[in-house]
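> These are the residues of each chain, in order.
Number of protein chains: 2
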Amino acid sequence: MAQKPSIPKGTRDFSPVEVSKRNYIISIMRKHFENYGYQPIETPSFENSETLMGKYGEEGDRLIFKILNSGDLFQEKVEFNLKVYNKLFELINLTLKDSIIGFCNELSDNRLVNQREVVDESILELYFDKNHLNNALLFFNTKLKKSRTFNLNNKERLYEVFKHNIEVYKRIVVEFLLSSEINIKDLKNKSYSNKYFSDFVDELVTNIFYKNHKSLNFSHVISPQISEKALRYDLTVPFARYVVQHQNEIEFPFKRYQIQPVWRADRPQKGRFREFYQCDADVVGSTSLWLEVELVQLYDSVFAELGLNGVTIKINNRKILSGIAEVIGASDKLIDFTVALDKLDKIGEEGVKKEMLEKGISENALEKVQPLFNFTGTIEEKIEKLSVLLSNSEEGKKGIEELKFICDNVSKLGLKKAVLDLDVTLARGLNYYTGAIFEVAAPKEVAMGSIGGGGRYDDLTGIFGLKNMSGVGISFGLDRIYLVLDELQLFPETVIGSTKVLFLNFGESQAFEAMKAISALRNQNIKAELYPDAAKIDKQFKHAERRGIPYVVKEISNDLFTLKNLKTGEQKQTDWNDLISELK
Amino acid sequence: MAQKPSIPKGTRDFSPVEVSKRNYIISIMRKHFENYGYQPIETPSFENSETLMGKYGEEGDRLIFKILNSGDLFQEKVEFNLKVYNKLFELINLTLKDSIIGFCNELSDNRLVNQREVVDESILELYFDKNHLNNALLFFNTKLKKSRTFNLNNKERLYEVFKHNIEVYKRIVVEFLLSSEINIKDLKNKSYSNKYFSDFVDELVTNIFYKNHKSLNFSHVISPQISEKALRYDLTVPFARYVVQHQNEIEFPFKRYQIQPVWRADRPQKGRFREFYQCDADVVGSTSLWLEVELVQLYDSVFAELGLNGVTIKINNRKILSGIAEVIGASDKLIDFTVALDKLDKIGEEGVKKEMLEKGISENALEKVQPLFNFTGTIEEKIEKLSVLLSNSEEGKKGIEELKFICDNVSKLGLKKAVLDLDVTLARGLNYYTGAIFEVAAPKEVAMGSIGGGGRYDDLTGIFGLKNMSGVGISFGLDRIYLVLDELQLFPETVIGSTKVLFLNFGESQAFEAMKAISALRNQNIKAELYPDAAKIDKQFKHAERRGIPYVVKEISNDLFTLKNLKTGEQKQTDWNDLISELK
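Top to bottom, those sequences are chains A and B. Counting from 1, position 56 in the first sequence corresponds to residue 55 in this note's numbering; the numbering is continuous, with no gaps. Counting from 1, position 137 in the second sequence corresponds to residue 136 in this note's numbering; the numbering is continuous, with no gaps.
The hints are simulated quantities; they were obtained by calculation from the structure and are not laboratory data. Accuracy of the hints is not assured; some may be wrong.
Heads up, the list lumps identical chains together, so a pair's fine if it works in one copy or across two of them.
[Claimed, not checked] For lysine-lysine, the following DSBU-like pairs were computed, each having C-alpha atoms within a straight-line distance of at most 30 Å:
#	residue 1	residue 2
1	K538	K403
2	K415	K553
3	K553	K30
4	K3	K384
5	K403	K515
6	K384	K353
7	K499	K30
8	K583	K416
9	K553	K332
10	K381	K563
11	K415	K566
12	K499	K8
13	K515	K332
14	K566	K30
15	K396	K563
Fair warning: this is a prediction, and the values are worked out from it, not measured in the lab.
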């Protein structure tokens, strides 16, 4: 009954080499985060569901991994369901009885119809199988044959009544399946009192008749019921929660960084994982634009030390986008506009305009934003063009001002390797960013797209009740940075800190001598190992080669070590000091 | 609608200071793990449920956090439940009808009873509320008043029939609530065909009548149904899975370390958390006892560098425990025996023996193990005593041999700070360790107990189909080590790498000069910050104090910096070079 081992879709094992390379990237981020005064925090892998749900839009909610409440609750749940169950069937019974009696009373010549019979039988039909609707209808027809005035019209209405009842029935059951779980918690407080259940049932009925069925978002409704915890979806909401929860211990402005995994129930696909690291640096509690300046420098510092040339840090400002929306007089078309404009290089001005018109952006609007169609030149020139374009938009002008401050100071302070560029098509996080918007593009020669992003969001912590806290931050995409460095072979060889020397094992007494030397080497921080078993020599040599261990000590006799360099093949006898200097 | 933010029971936020201290411990472990040739791997936070379930015993299974399948499945589940539902009620209907008709037929003078009526009404009663049993009985009584031969005896039997029906009803519903979820998976393969459902229902009925209700382990049954993934419970099972899954890429013997969080749905309590880090070093693929020797040294190296004096590494061997069990002729009493023996210091020899006798260990057995009651002296002396005691136990002798090899070599190689001690009462992991057993005791002056443990387990990977792979490993208890170091104030001050210098902000032009200097300092890896806003001076000073920033630059004029040391209060003008040397 051995299982063929595997891991869940969208997750990964990391081999020693991969872990070492990832830690190399992380250690460089960490170093610069701290040079810039950002302090590390860590938050739990799972948060209370209330903390996360509703913060990422409906789609986001669906992608949040929910954690099942631990076992014990299920006994209760089942008992509880049994009770709700009975109540609900009383309810179903009444609902159906009433509506059908109601219907029968309305039937033109109901004298000919034996109501009771109709009612009971039809109830049974409905109980035992909602799919028996047709039989039920058939049955009614035979009953109603007797009725002279029975006609299509009645049949239609009959059909309606049934359809309605089925709906009621279905919804009650659906609601029950969900709601009976919702109330596990209440269960603990409120006892099984009948009062409680009748209230509960009343509530249900109200829902059933006044709630549009479609509006039931299952994934949303289900989550708090059998699950009260959910895995972290990003690092921003937990950070906001952290700030509010610990506001009295925190000295503001608070610069924090956080490097932890997040989880998303995305459809797994190439380069998209269900568990991946986020590396965020954020400041909360200051509106100073110097922070935007600093964050651009921080991006530059990290990518420079990683040896990554040709990184472009794109910047835009939410207020500029709003300004453009004003100008084109269609804020709802803003995304269509930026998406189309972004294709300028590919499909040319005409192509872009064509697409914009198709999306319902007016000729007139296009004329107004004509400057954006040859939006080239230095940042200064671009800003110049924008200030003309947005001269009538108060918000737009504010955005240009902010942008100007950031870009001027960044260029005056200078960047090591990266290039800062203004990209008015940059519209990421449009629904929460309120000021600067950042995105980092990998070097052109690697087709990787964005390797980082961020921006300014006023009222970061409002959702948790702490108002007027502006936040600005950036995020590094560890997985993609890894792929870029790998493709460009920018990982230093030293990253994989493999063992430096393997001592061969010829049996106990010699192995002891080896262990003495090994312990001493380890005290000098030289990575040394004994081959644990006295196996065949060539097997031991192969082990060293396969492990990429450069040196082997073959023999130790009167304090002399026979050291072999597996790369050069050269072999020599060394005393202790030579051995160390050789291996250092 | 702002929420009062909080985190789940048993989880923790880590402040900058706490993270820094934890990373300090981890970095030292990491360094020594790698000096000893152990390579880092990482595995996903959640594994497929099959990988984890059944590996930790029933208790363990209950404590595994299960992850809810993502939203989409619930729609299916609900539809599915609706269908099962209807089938089940047909079934209930039949069951009850039959048994009641059966009963009525048997009623002595059934002519007087209107069967149909009785049946239908009673069915309704049962449907709508199983608690209506009494009303139902009442109702029957009135019906049966007419029957002259009606007597207590009938009434009893009637009651029986109903009680039985209720049971059937209840169990069907319970089974349904569970089974309807069990089958979400099948749902995908088998269609909604009626055949499928009738099979399903048949199966249910069989269960209902032949399965003992108690035997349903809910937490276990429920888990694979709405959840196919579970959070890592420890690092050992994922490691075993990793080894088997990647056996072709791995060069054996494989020395790996892994430092990652694990999750357990334990009742939260002081010092026990639902999310905590494990730090494991294991070797798989060799039975060499040199590995046990090395692991003792590894413990010593880490705790020595952490500056922890008075650590005791306790060692024992499973085979010795088996030997002792042989000698006392009661392997089932082994735990009772070790637990009692462990109290020797507290309750003395007589107390221990009293407890052992109470536990059913024979006088005779106690005489045999008399040596264990003054089991003092050096390891060598203890081993000597054991070899006499276990001279007739093959397994026991093997255990002593192993123990002797490890202890002799460790003492000949020497330890830096820790003390190795043989503790025959050490019986941790008795159900999986097969050879050496380790446990590390914190220094006596801190009441912390075990801060690490491990041992040898043959056939580590057998559960996943890779036989004959012996493994040996140790684990470090990060949280407890943290508490010990904190209590003994062994964290170096430098651990909290707070910012070195804060530049005050007097507005744009001066702030720009500051940013120039700050960028240059950061390039020298000196942690420097600008106070982001041009706030009141004393507010900016307070910020530096609260943040524990030792230096403040108050002013910059013609390349001279007014530097204030907040500890000494001393203030001076420095040029660039002095500034750097001051802050380095």
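> Indicate, hint by hint, whether the structure satisfies it.
Results of checking the hints against the structure:
no.	hint	result
1	K538 - K403	between (66 Å within a copy, 28 Å between copies)
2	K415 - K553	between (48 Å within a copy, 27 Å between copies)
3	K553 - K30	between (40 Å within a copy, 26 Å between copies)
4	K3 - K384	neither (63 Å within a copy, 47 Å between copies)
5	K403 - K515	between (65 Å within a copy, 18 Å between copies)
6	K384 - K353	within (23 Å within a copy, 94 Å between copies)
7	K499 - K30	both (26 Å within a copy, 14 Å between copies)
8	K583 - K416	between (33 Å within a copy, 25 Å between copies)
9	K553 - K332	neither (74 Å within a copy, 50 Å between copies)
10	K381 - K563	neither (63 Å within a copy, 43 Å between copies)
11	K415 - K566	neither (37 Å within a copy, 35 Å between copies)
12	K499 - K8	neither (37 Å within a copy, 45 Å between copies)
13	K515 - K332	neither (74 Å within a copy, 42 Å between copies)
14	K566 - K30	between (34 Å within a copy, 25 Å between copies)
15	K396 - K563	neither (71 Å within a copy, 40 Å between copies)
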